[in-house]
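Those protein sequence lines, which keep their order, are chains A and B. Take the position in the first sequence, starting the count at 1, then add 786; the result is the number in this note's numbering. Take the position in the second sequence, starting the count at 1, then add 505; the result is the number in this note's numbering.
The hints are simulated quantities; they were obtained by calculation from the structure and are not laboratory data. Please note: incorrect hints may appear among the correct ones.
As the list claims (entries may be wrong) - Simulated restraints, written as ranges between beta carbons of each label pair:
id: 1; chain 1: B; residue 1: Tyr520; chain 2: A; residue 2: Trp1204; range: 20 to 30 Å
id: 2; chain 1: A; residue 1: Val800; chain 2: B; residue 2: Leu522; range: 32 to 42 Å
id: 3; chain 1: B; residue 1: Asp622; chain 2: A; residue 2: Leu1200; range: 27 to 37 Å
From a predicted model like this one, the values you see are computed outputs, not experimental measurements. All C-beta atoms, glycine included, are put in the ideal place defined by N, C-alpha and C.
Okay, here's what each chain looks like letter by letter:
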Amino acid sequence: MGMLFRMATRNLGVHKIRTSLLGTAIALVTALLALLSGLFTGMQTTMLRTATTLMTGHVNVAGFYKPTSGTVAPVVTKAAALRAFVEKKTPGVKLIVTRGRGWGKVVSDKSSQQAALVGIDIGAEVGFRDVVQVKTGSLEGLREPHSCVIFQSTAKRLEVKVGDTVTLSAPTFRGVNNTVDVKIVAIGGDLGMFSGFNVYVPEATIRELYQLDPLTVGAIQLYVNEPDRAEEIAATLRADIEKAGWRVLPPVSQPFWRKFDTVKREDWTGQKIDVTTWTDEMQFMKWTLATVGTLITIIVGVLLVIISVGMMNALSMAIRERTREIGTLRAIGMQRGGILGLFVLEAALLGLGATIVGVVLAIGTAALVNGIGVGVGEDFQMFVMRETLWLEMDGGTVALSVGVIAAATIVASLGPAWRASRLPPVVAMQSAK
Amino acid sequence: MPDAIVTLQGVDKDYPLGAVVVRALQGVDLEIDAGEFTVIAGPSGSGKTTLLNLIGCVDVATRGTVTIDGANTHKLSERDLTRLRLHKLGFIFQSFNLVGVLDAFQNIELPLLLQRDLGAAARTERVRGLLEQVGLTAFAHHRPGELSGGQRQRVAIARALVSQPRIVLADEPTANLDSVTGAQILELMQALNRTGTTFLFSTHDPRVVERARRVVRMVDGRIDSDSAMSPAAAVSPAAAVSPAAAVSPAAALATLTPAAADHPAAATSV
Chain A
787 MGMLFRMATR NLGVHKIRTS LLGTAIALVT ALLALLSGLF TGMQTTMLRT ATTLMTGHVN
847 VAGFYKPTSG TVAPVVTKAA ALRAFVEKKT PGVKLIVTRG RGWGKVVSDK SSQQAALVGI
907 DIGAEVGFRD VVQVKTGSLE GLREPHSCVI FQSTAKRLEV KVGDTVTLSA PTFRGVNNTV
967 DVKIVAIGGD LGMFSGFNVY VPEATIRELY QLDPLTVGAI QLYVNEPDRA EEIAATLRAD
1027 IEKAGWRVLP PVSQPFWRKF DTVKREDWTG QKIDVTTWTD EMQFMKWTLA TVGTLITIIV
1087 GVLLVIISVG MMNALSMAIR ERTREIGTLR AIGMQRGGIL GLFVLEAALL GLGATIVGVV
1147 LAIGTAALVN GIGVGVGEDF QMFVMRETLW LEMDGGTVAL SVGVIAAATI VASLGPAWRA
1207 SRLPPVVAMQ SAK
Chain B
506 MPDAIVTLQG VDKDYPLGAV VVRALQGVDL EIDAGEFTVI AGPSGSGKTT LLNLIGCVDV
566 ATRGTVTIDG ANTHKLSERD LTRLRLHKLG FIFQSFNLVG VLDAFQNIEL PLLLQRDLGA
626 AARTERVRGL LEQVGLTAFA HHRPGELSGG QRQRVAIARA LVSQPRIVLA DEPTANLDSV
686 TGAQILELMQ ALNRTGTTFL FSTHDPRVVE RARRVVRMVD GRIDSDSAMS PAAAVSPAAA
746 VSPAAAVSPA AALATLTPAA ADHPAAATSV
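If we strip away everything but chain B, and leave its shape as in the complex, we get (with noise of 0.2 Å):
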């Protein structure tokens, strides 16, 4: 039996607003284990994302415990709880929130920048990797701006994944993309999940959820639902005719068509 990952007791989470404290999330227990590729779904204001920001500690809990691989986030300094995202967590971010001044290569390589662990040469070999993974070579040089929605998504993908993280979060991945182009991207995080990396998602996009191999439903702050899905319905039908495609993103990837690759989106860069 695989160990959680993530484990969460008791948790709430209350924004004062004004006079009044509106409370976001109310007694959360959940545990995630590693590898897992979980979709934790509900309406607007159910409590996904801050269940999310939790979970990626760019948020703390107001009661309650939240251990991120082993590590008790309520007793790590500021210092800790970035070096923690730093090094085993990656995001992925609805608008992509790439870096508006970097063009792809350099965005994907900031995180090891951070981390200070390679040298340029393993940086480099590391970067033109993921590029490839994410079928973006060719786009190294192009700065966000002249990359279209689905590409800087995989740029972000990308980024998540360079620093080798336990667990990508991903906020709304598809809720800037068209449908193509959002299938795509599934079709890749499915790949990189195969090959071990826990994801979690928050969405309320259908799409994304019949993808899942397990679903939370957060209903008013609270979960109402946690179900495993049947393997069919994670499985993605391009995966399930190629074997190849079910270990290599790079062979999911090569189901893309340029045409779809390249459809532009309406999502901006930071």
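Excised from the complex, chain A in its bound form (with noise of 0.2 Å):
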């Protein structure tokens, strides 16, 4: 092996030019290759933490409450029991928050516009503060009942600024409109595609429009470690629940909004829980980012065949040039297997040394974009959330970008070093003619 070794990097080094070029282009895929996967990361990274923070827990216990069997409202009644409960059944969990959730009116001197009302308790929510980027104004101003925050798109729709006056309109439970007056106190930036019609007030405020009792939440939203797990926690919380005694729905993958039909044509009253989880909630995430992560796998397979083609055009050449060479390995006692070995060592190590030349340039890069902020165009800030672009260059990343990259050549190499081995030594004869 010391000697294959030996002749393989020695190979490489003689033929300069060629070991260069064709490391260069590995080195730059690689590099490629760990951007691509890190702006994906980035933006998952992103989204789930702004959506999230925004719209959804990693695990929410909300639920549907019938007054008559035609009528629906989308709220968790007596939940200070339920939050208790969810507490003691959920170690783990980083935070937990309640939420009011509706959907009404905003009106403004000059404009209007529908919004997802949110009503939250800026004391307790912690992320919410990391997330948003406020522009004028304070979060600090959501302490005060009858206040909101509004984002840069809604404040332009409704042309308001901070200390304005909006009024939320919408129908109570009860089906008889009201309304509330709030003063704008915050505007953030905008964060994608939540940004147009996201309005946040206080609880109380929420709980006012839409007559409420105190013991009344849209929403307890549970925000856990390990949010890949968001699915496997909601599935043990339901299943504790229903075995507590809650009436719980069963598990639907939808966002609560579009379950309203199929609820309100339900032949039930009372109070039923529905435990969903943040890719229940947020389905348009799992397809972005399954459009993006399908293009960047369109992308690096491409990127792939090249490189292949390249490894395989240049192996193909260092066996045409080097026939004598394998020839005479072969006559003094080489077996097929070492002629083999020797050239996919030498694509080994070449596709590992540029792999790992690519991965440092990627992160030299990722920290150079991360660090100057880059700024994405208003039409691609609705699908990363962000106002700059970010590349997340995780352990992972590396790792899967120099596997991918170094297996490809890898691969490539099999099919000139088998027929490398195939060569018969009479070879070695006939061209030392």
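Once you've looked at the hints, go ahead and assemble the two chains, each given alone in its own frame, into the complex.
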């Protein structure tokens, strides 16, 4: 093995131009793959963090209350007992908050729009302060009743600024329209698609608008240490809640607002609990990430084909040039496996060395891009939920890039190396002529 | 009487060339005993290299049998043929065919590494001994590109001998060497032959032929003549006047002048 390694490294060194060109190509493709993966991971992280802060918990314990079989309200009544039960039954929870949820009209002096009305307790919402980038005003204003926070796109549409008052209008769950005037205390920077339709108000204001008692909430949102385990945690919690005597809706992977019609048609009254995860509530995120993931896979696939063809071509050339060497090695007693090993080792060394260079290049580029804050267009912001690009180079991304490209170069070398190993030793004698 | 180490019986070798079949060897019968210093001579195209290839197990006969040290090569697998080449045969090529990325020491060590029989210390000792025998101790860590043609051929000879093969096959070993270096290489091989190694050459170089103890002449793929040479013709002048040189390759090399040994040749390494 030592001898093969020595020969492989020196052969790479002897053919400097070929090694440099192919090595550079492999390094660049690796860097590109790592950066694309970093972009995808960054998007995933940002989307998860943003969406789960603004719209949903990792796990949500919510539900529907039906005073009659034909009317439905997305609330949990007598929520304090349920919240205490959930806290007790769910270890590994970072944070539990309650929120009010509704849909209504926001009316300014000059314009109006439909909006999702979210009631929050700003004192308890630690993540909310990190995610929302306040452009004007202060989130602390949400501690006061009859206040609200909106995003730049909403402010632009309503033609309002901090200090202005808008009217929230929504039908109560008894079917009567109600209004509440709220003062804009802060305007946040846009965060993708949520920015256009989310309005945040104190929980008490939502209750006032919908005329709910203080024990009623929209949802109990849980933030766990391992969001990837949300499905598993939700399933356990659903079973526990049902076992404890609450009536529970069967799991359906849909956001709560898409379940209204179904629940409305069902012939029951009273309270039913619905346990969902962030993937249920934010299905568009799954689609977006799946689409981006597919695009990246296609790009990576094309790049891998290019690299593989390059490697096959380079090794085929090397084999043509080194026919006599191969024949000589076979003539003096090297088995076919040795020849195969020699060429695969050369490809592996080149592939591994170049991918490591590529990853270092990608890490440097990512640090630079993240450091200087490269701005992205409004359309792209909608998906990345940030104003600047964020490339997240974690260990998995780096290992994946090195592994995939190094494996591709080795696999691509197998064909030429196999052909080299089948060269008959008599070529040594013939090529010596 | 020594036993035959190489036996060919009724050997034909055909090469298909499009629709035509070219018969490179026809009806060759040959026996070579251990310790011989035999030359296969003949003009270009007479079949001497083909014959050497068959004996070297790098090619297979179309018909007939080739037996090397008791093994019928037709019955051996590709793996076993490779093993036979590794353990029982040594090759010296016209263009030296050294591995360009390895230095002289590593080129000579290569067959031992493939054999995996010796530990590092024993390998080093044997390679150093051979480097000394062929007069290249000072050039142990020179790559082929840094050696003259004569030096390269001496590295090739050391590589052929390092695994202590039963037979050394040399295909036109002097073709790419000037006359002085060629003579020195032949002196060396003769000296090594006296230690018991069987040498079999293919050549049309008269300088080689005149040193042989047996000459097999090929014409049109057939053995035209097979004659033993007189002992006088087979012994070099240097060996004749020096009893020590008759048993020691190092002594044979002592007659080499540094200028002659370093004479550049046009041939290349692999």
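Here's how the hints hold up against the structure:
At about 25 Å, the CB distance of Tyr520/B to Trp1204/A agrees with the hint of 20 to 30 Å. The beta-carbon spacing between Val800/A and Leu522/B, approximately 35 Å, falls within the hinted interval of 32 to 42 Å. Evaluation of the 27 to 37 Å hint for Asp622/B and Leu1200/A yields a pass: the beta carbon distance comes to about 30 Å.
Comparing the model with each numbered hint stated earlier shows that all of them hold.
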